[in-house]
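Mind assembling these two chains? They're in different frames, but the hints should get you there.
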Amino acid sequence: MKLNTVFNVTRYRSDFASHPEPPRRVILLGNPNVGKSALFNALTGLRATVSNYPGTTVEVYRGRLPGTEGEVLDAPGLNSILPLSEDERVTWSLVQSARSEPGSLVVQVADAKNLRRALLITLQLAQLEVPTVLVLNMADEAEARGIRIDVAGLEAELGIPVKTTVATTGEGVEAVRAAGTAARAPKNHLPLPPEVTGPALELLNGREVPPTVPPVLASYHEALLAHADRLARRFATDAEPASALWSRRLGRLAVHPVWGWPILGLVLLALYELVGVFGAGTLVNLLEDGVFHRWVNPFAAALFSVAPWPAVRDLFVGDYGLVTMGLAYGLAIVLPIVTTFFTAFALLEDSGYLPRLAVMSDRVFRLMGLNGKAVLPMVLGLGCDTMATLTTRILPTRKERLLATLLLALGIPCSAQLGVILAMLAVVPLRAALVWFATVAAAMVAVGWLAARVLPGERGPFVVELPPMRRPALANVAVKTVARVEWYLKEALPLFLVGTLLLFLLDRLRLLDVVIRAGEPLVTGVLGLPPEASAAFLIGFLRRDFAATRLFDMSRGGGLDPAQLVVAMVTITLFIPCIANVFMIAKERGVKTAAAIAAFVFPVAFAMGGLARLLMRELPFLVAP
Amino acid sequence: MPSALTAGVAPEIACALCGFVYVPQGDACREHRCPFAVSGCTTRHCPRCGYAVPDEEASVAARFVRKLVGGGGGTSAHTLADLPAGAAAVVERLRGEPALLARLTAQGLAPGVAVRLLQRAPTFVVEMGETTIAIERAVAEAIVLRAEPAVR
Numbered sequence: 001m002k003l004n005t006v007f008n009v010t011r012y013r014s015d016f017a018s019h020p021e022p023p024r025r026v027i028l029l030g031n032p033n034v035g036k037s038a039l040f041n042a043l044t045g046l047r048a049t050v051s052n053y054p055g056t057t058v059e060v061y062r063g064r065l066p067g068t069e070g071e072v073l074d075a076p077g078l079n080s081i082l083p084l085s086e087d088e089r090v091t092w093s094l095v096q097s098a099r100s101e102p103g104s105l106v107v108q109v110a111d112a113k114n115l116r117r118a119l120l121i122t123l124q125l126a127q128l129e130v131p132t133v134l135v136l137n138m139a140d141e142a143e144a145r146g147i148r149i150d151v152a153g154l155e156a157e158l159g160i161p162v163k164t165t166v167a168t169t170g171e172g173v174e175a176v177r178a179a180g181t182a183a184r185a186p187k188n189h190l191p192l193p194p195e196v197t198g199p200a201l202e203l204l205n206g207r208e209v210p211p212t213v214p215p216v217l218a219s220y221h222e223a224l225l226a227h228a229d230r231l232a233r234r235f236a237t238d239a240e241p242a243s244a245l246w247s248r249r250l251g252r253l254a255v256h257p258v259w260g261w262p263i264l265g266l267v268l269l270a271l272y273e274l275v276g277v278f279g280a281g282t283l284v285n286l287l288e289d290g291v292f293h294r295w296v297n298p299f300a301a302a303l304f305s306v307a308p309w310p311a312v313r314d315l316f317v318g319d320y321g322l323v324t325m326g327l328a329y330g331l332a333i334v335l336p337i338v339t340t341f342f343t344a345f346a347l348l349e350d351s352g353y354l355p356r357l358a359v360m361s362d363r364v365f366r367l368m369g370l371n372g373k374a375v376l377p378m379v380l381g382l383g384c385d386t387m388a389t390l391t392t393r394i395l396p397t398r399k400e401r402l403l404a405t406l407l408l409a410l411g412i413p414c415s416a417q418l419g420v421i422l423a424m425l426a427v428v429p430l431r432a433a434l435v436w437f438a439t440v441a442a443a444m445v446a447v448g449w450l451a452a453r454v455l456p457g458e459r460g461p462f463v464v465e466l467p468p469m470r471r472p473a474l475a476n477v478a479v480k481t482v483a484r485v486e487w488y489l490k491e492a493l494p495l496f497l498v499g500t501l502l503l504f505l506l507d508r509l510r511l512l513d514v515v516i517r518a519g520e521p522l523v524t525g526v527l528g529l530p531p532e533a534s535a536a537f538l539i540g541f542l543r544r545d546f547a548a549t550r551l552f553d554m555s556r557g558g559g560l561d562p563a564q565l566v567v568a569m570v571t572i573t574l575f576i577p578c579i580a581n582v583f584m585i586a587k588e589r590g591v592k593t594a595a596a597i598a599a600f601v602f603p604v605a606f607a608m609g610g611l612a613r614l615l616m617r618e619l620p621f622l623v624a625p
Numbered sequence: 001m002p003s004a005l006t007a008g009v010a011p012e013i014a015c016a017l018c019g020f021v022y023v024p025q026g027d028a029c030r031e032h033r034c035p036f037a038v039s040g041c042t043t044r045h046c047p048r049c050g051y052a053v054p055d056e057e058a059s060v061a062a063r064f065v066r067k068l069v070g071g072g073g074g075t076s077a078h079t080l081a082d083l084p085a086g087a088a089a090v091v092e093r094l095r096g097e098p099a100l101l102a103r104l105t106a107q108g109l110a111p112g113v114a115v116r117l118l119q120r121a122p123t124f125v126v127e128m129g130e131t132t133i134a135i136e137r138a139v140a141e142a143i144v145l146r147a148e149p150a151v152r
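Chains as they are written, first to last, in the working numbering: chain Z, 1 to 625; chain V, 1 to 152.
Simulated from the structure, these hints should not be mistaken for laboratory data.
Treat the hints with care, since some could be wrong.
Covered by chain V, per the in silico footprint, the following chain Z stretches (three or more residues, Cβ under 8 Å) [said to hold, decoys possible]:
1. 76 to 82
2. 250 to 264
3. 359 to 366
No residue lacks a Cβ here, since even glycine has one placed at the ideal position from N, Cα and C.
If we strip away everything but chain V, and leave its shape as in the complex, we get (with noise of 0.2 Å):
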């Protein structure tokens, strides 16, 4: 589903403290009106009780404690521009300058959203959904992708 929003979003969480189980912005998240759930949730809330569980992914710190500790997981940030043209990924943040960011996001382009790269040059350019841009390399490389595989 090309523009679905929560196309490979992280699989489903217990909550540490009450137990429930969720999909971060997921369906529960949605019945339950979660006030985060609508900005992209870089924080994960539980829906129920609201405890917040962390999030690695999103912390600089603890993917450098995962990486002294061996744990699986923990790669280095890869970006839009890593990505070899034809491959799809999904979008875990965007970094840069505020008024860049203003654009991308008003373009559709936002955390959590499914992207594939159709080229890399002359410029890159991007699908995600209906909708297609061309940015340059110093762009891509301030949307940073989700860990997981990307789906081919």
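For reference, chain Z alone in the conformation it holds in the complex (with noise of 0.2 Å):
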């Protein structure tokens, strides 16, 4: 039996020791939860921006140092260096540049309370000589959990800064600043059979990417473990039951098979209350009347009255005018929208409550060959579907990112189209907005039961961690909602202006009645809905809240009785939701694919549409005041 030994010789940097300047760049990474984004903003002081990581979705949030040059990244959270998922993929090749660029480090932050899972990847980076801090953030905690950690004894047994900190109240902080010049390769007394860490290394090297995971991975991660956990025990002391606290208790109650479900309806009553409520109505109200109606509008007029030409002030000003439509859509409608969807998603995060909901909604979600997983970019998809349908990423086969796709743009609406259909259906009876729910609510089951079973591919495992429930820190529910609502403008805000272009040219070459016509035996035929509906479906296929608005102002105008009222909601709530959605359709599952959605997903809403009709039809009872 041959015993090789790998001993991993730290090779100190003579940069850092000789040169003790300001790091140039510093690459954050942990486990999820540990208060990575908090000790970002303490970092670097609440200046953020994010991006995603070059050719993927993955976001990177990137700051400064104050009074340095220096660079801090934020890197996804992970358990492992082992590049096994986009995201490890992204922190994989940030932990590689740290590697090879002097003056660049690694702060490694880990929960002060599960030293062992932290150790793991710390053990990694010694085996990648990667330059390291080690921060036991959430030190607070830990002290009240009665957790007594020898810091020293770590340091030496590492060869590493080691600091504690308390991110969110900025504890320790400044002496994390200071040891960015201290950092060094941990030291690495782990003997590892070379069977077990050689595919590791090369994994972790990049040298070799194979097409499925080596079996042997899981030894290596026991291993690393193994040997996590004896430092954990020699530098650490256990931690005291934590049954008390109120975090625990609310976080199983969150997902207990009974109370559960009342708090999930109360999670989801708070969430209307803030978008449905406060953001699409209080707010959009006072941005469209109380600023584009009284100020931008008639100053924009006055401002393109000196044009000689009226297509140009059509252009602008005009019925589907860049300033009276493209931009007082995507700033007074949908910007208000977003920002309170986004915070509100924001809380959800940093609450714990997410993984909770994937727990709860795991069943319905099984039913359509997904597991609770994909309830992340659903609840997504509520305040913008396009970004929604980037997320799908984060599902782990192809198969459930195209299925997740799929029942996005069939049958979730964003969170502008939601407000517009809840407006609409507070004129009808209760029974007649239950048809609508109960139709689109059938058929995204059907579509995904079908589809689950004609499409090719598996389901992944269900395997989602459950962090403790705590109260979130508003800098940070601030600072990721900012970066995201900037996202989301520079995305969505030029495809306002290029959807009302469209409209504005397909109008003044006076094909919109043509194709108004055209539509008019289905309109007409199957939904039995007035010819002019025509209209609103069609530039239903550039936005259907777009259409959604348009319905509304039919059925005011009295043009709709309320059969006809859910008739039309359900068609266009099964619509496509906005050309911006296909075009991410088609860059991210291919033009075929979007092509495909596309094709499907029109008929079934005109299908739908139809069986709602009969169904009000022959059950008059339902729509009767």
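And the structure:
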């Protein structure tokens, strides 16, 4: 039996020892939910920009160390540096860059209560010989739980600076900044047989990317974990039981087979109050009537009235004007709704509720060939389907990504549309509103169920970590929200303008009427709606919330009875969300898939509309006043 | 001790060759720097002389023969999916897709780890030390537990 053991000899980087300059690049990494973002904000002073890592959808936050040229990057949370998923590949390549560029270092953030899992990553950093500072965050929580950590001992054992912080209060953050110059590659005393570490190290060094995951990686993690556990037990005492903590009780209640449901109901109600009532109601009114109708539109009209050609005036301030429709729509209606939505989403994210929502909804998504993890893109889809289509990348298999994309395109109304739909449903009896909900839900489940059986491929296993529930830090929520809204505006606003321009051109070229006449048999014949509704459905190809607004106008003028209103709502809810969404599907899943999804969704939308019409004709009490 | 990797490990055994008494994956293994002790110790090697002591629980054939001859032990593999809510146990081994196993082990779920099953519905929820994860039944069935009675 050959007992080859691998000892990694620590090589001290001379450029750190001899030139104690401030670091040029700091990469924050660590397990999920260890307060990495809070430390990032404390280090950079709340000035972050968010960008997608090149070629991926993984969000990487960037900031600067105050007073220096040093850049700070917040990598996605991970449990191992092995690049097995897209998130991990991003973090892995950031670690690689810290290895090769002088002046770069890794600040590993750890939950002081869960040292063993953090040390698994530290040991990998040791194998990669990356200059590292270890930060034991949430030191206050660890102390409250009676955990004592021998920081000096750990420093000596690992040969790197180890700092304790409470990132949310800023405690210890200055010491972390100062420790940058003392970063070293962690010492590695871990003897591992090469048959275990060999394939893992190949993967870590990027020499080989296997098509399938080699079975030995689990043994590699086990080996690291066993050593990490020994270290953790040598330098930290065990925690006292936490069953009395409110956060733990709440965390358990939120996934409880009985109490989980009322809690879910409360969360949804709060979401509705914040986004539906406050965002889509109060704020939209304020911006639309108070700002655009009173100030911006008259000002733009006055500005362009000097233009000699009426076409130019119409282009900017006409019925389909870039200012009066494009900008007003993007800034006055969509901006407040997405801002409140992303605030709510960040609150849910930082409170630790989202993974619990995944647990509660696992059953439903399983029916549709997905698992509870799919709830993340679906909830985000209630904010913006286009952005949510991007996040379907978090799903592990191709089949799941395709299914989630299809369901988002089919039936998840985005916040802008939901606002309009809720306003419309308020004018029909509750029974009729339930017809709308039941038809849309039935279409989603039926399509998901069928597609799950038709599409080839597998569903990935459901494994979701449940972090402790905690009170979200408002600064953190604000940074996330602002960064996402900025991203959204950059993506969406140009498309509003392009869409408006398209409508303007169709209108000028008199093509609008042609298309409306062509659609009449379908709209009047199948759906039983007045012919003018064709115009609404046509602009529904651009944005379905646009169409919903048009239909809302028609019903207010008495053009639609309650049954027709419900039929129109069902059809427009099941439409493709917007043209941007089609582009996004084409970009993410290919042009063929986008065409197939569009070709599938429109007939389904009209068929379900027709079905709702039949249902209400056979059971007239559903819509009787 | 919730996060104790060695909580509930098999009791002391004596090496059949040299008679050295040790706890697999215990202090003796560490002091002797046994290279097998770090990888979950699925094989039982004497840390002094290196002699391998057969581990009946890890061998399907051994369990089958044990059942035939009627000796004790030899219960069929019982997994996390068989555990009642609220019960605790120690992980014996993981089986299934390498990708899933790599992920679970990175999250701290590995042989020798003490786990507690918090609930079975809507999904299984497992607690190990400071880590709580939700898994579906199929994943729970991939986690084989040690045969000894669970500590409640």
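Hints versus structure:
1. 76 to 82: Since three or more residues must qualify, the claim that chain V covers the region 76 to 82 of chain Z holds, with 3 doing so at under 8 Å.
2. 250 to 264: holds (count 6)
3. 359 to 366: holds (count 4)
In terms of the numbered hints stated before, the structure departs from none.
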